[in-house]
Amino acid sequence: MDATDRELIALLQEDATSAYAALGKAVGLSAGAAHERVRKLRERGVIRRTTVDVDPAALGRGVLAFVMVESSAWMGESAEAFAAIPEIQEAHVIAGTASVLVKVRTATTEQLQDVLRRLYAIEGVSGTQATVSLETFFERPVSPLDTPLGT
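The sequence shown begins at 6 in the numbering used here and counts up by one.
Just so you know, these hints were derived from the structure itself, not from any lab. Glycine is no exception: its CB is placed at the ideal position from the N, C-alpha and C atoms. Keep in mind that the hints are not guaranteed to be accurate.
Derived CB-CB ranges, DEER-like [to be verified]:
hint: 1; residue 1: Ala62; residue 2: Ser35; range: 20 to 30 Å
hint: 2; residue 1: Pro91; residue 2: Thr55; range: 35 to 45 Å
hint: 3; residue 1: Ser138; residue 2: Trp79; range: 34 to 44 Å
hint: 4; residue 1: Thr113; residue 2: Val59; range: 12 to 22 Å
hint: 5; residue 1: Ala21; residue 2: Ala62; range: 17 to 27 Å
hint: 6; residue 1: Thr113; residue 2: Glu41; range: 40 to 50 Å
hint: 7; residue 1: Trp79; residue 2: Arg53; range: 19 to 29 Å
hint: 8; residue 1: Val98; residue 2: Leu64; range: 34 to 44 Å
hint: 9; residue 1: Glu41; residue 2: Ser138; range: 16 to 26 Å
hint: 10; residue 1: Trp79; residue 2: Arg123; range: 53 to 63 Å
hint: 11; residue 1: Ala78; residue 2: Glu41; range: 46 to 56 Å
hint: 12; residue 1: Gly50; residue 2: Ala100; range: 42 to 52 Å
With the sequences and hints as input, model every part of the structure.
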């Protein structure tokens, strides 16, 4: 991946609906060349998907919590059980006193409590510690422009 690929990715992260002509112009390529580079980035799995960034509160999911999940066993094979809980946006196996860190969005704290109950139903889960976010200053994607070339 070269500097042009990284610039294309950064532009697409800002607006995934950008026309190939506009992308090409911004990086000094023709529309066709920009399209071909983006196609190759998709094929290689660098661009995993194209999506829309929606305000969670506008969809009734204004409560954000991060939950540390403690376990009595290795949780590395439990991905499907976590994914089966639709309020969980992300789940990460972590090092430390907890085994898994999950990002949860719900409409109410009562719904968050229900998610915690469902987490306890996952085999091996022995405890949870939830931290509710009061405000999000910012969220950002990984910037391809801050990554060393050759990576």
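Results for each hint:
1. Ala62 x Ser35: 20 to 30 Å: For Ser35 against Ala62, whose Cβ atoms are near 41 Å apart, the range 20 to 30 Å is violated.
2. Pro91 x Thr55: 35 to 45 Å: violated, 21 Å
3. Ser138 x Trp79: 34 to 44 Å: violated, 28 Å
4. Thr113 x Val59: 12 to 22 Å: Given about 19 Å between the Cβ atoms, the range holds.
5. Ala21 x Ala62: 17 to 27 Å: holds, 22 Å
6. Thr113 x Glu41: 40 to 50 Å: holds, 48 Å
7. Trp79 x Arg53: 19 to 29 Å: Holds: the Cβ-Cβ distance is about 27 Å, inside 19 to 29 Å.
8. Val98 x Leu64: 34 to 44 Å: violated, 28 Å
9. Glu41 x Ser138: 16 to 26 Å: violated, 41 Å
10. Trp79 x Arg123: 53 to 63 Å: violated, 20 Å
11. Ala78 x Glu41: 46 to 56 Å: holds, 48 Å
12. Gly50 x Ala100: 42 to 52 Å: violated, 26 Å
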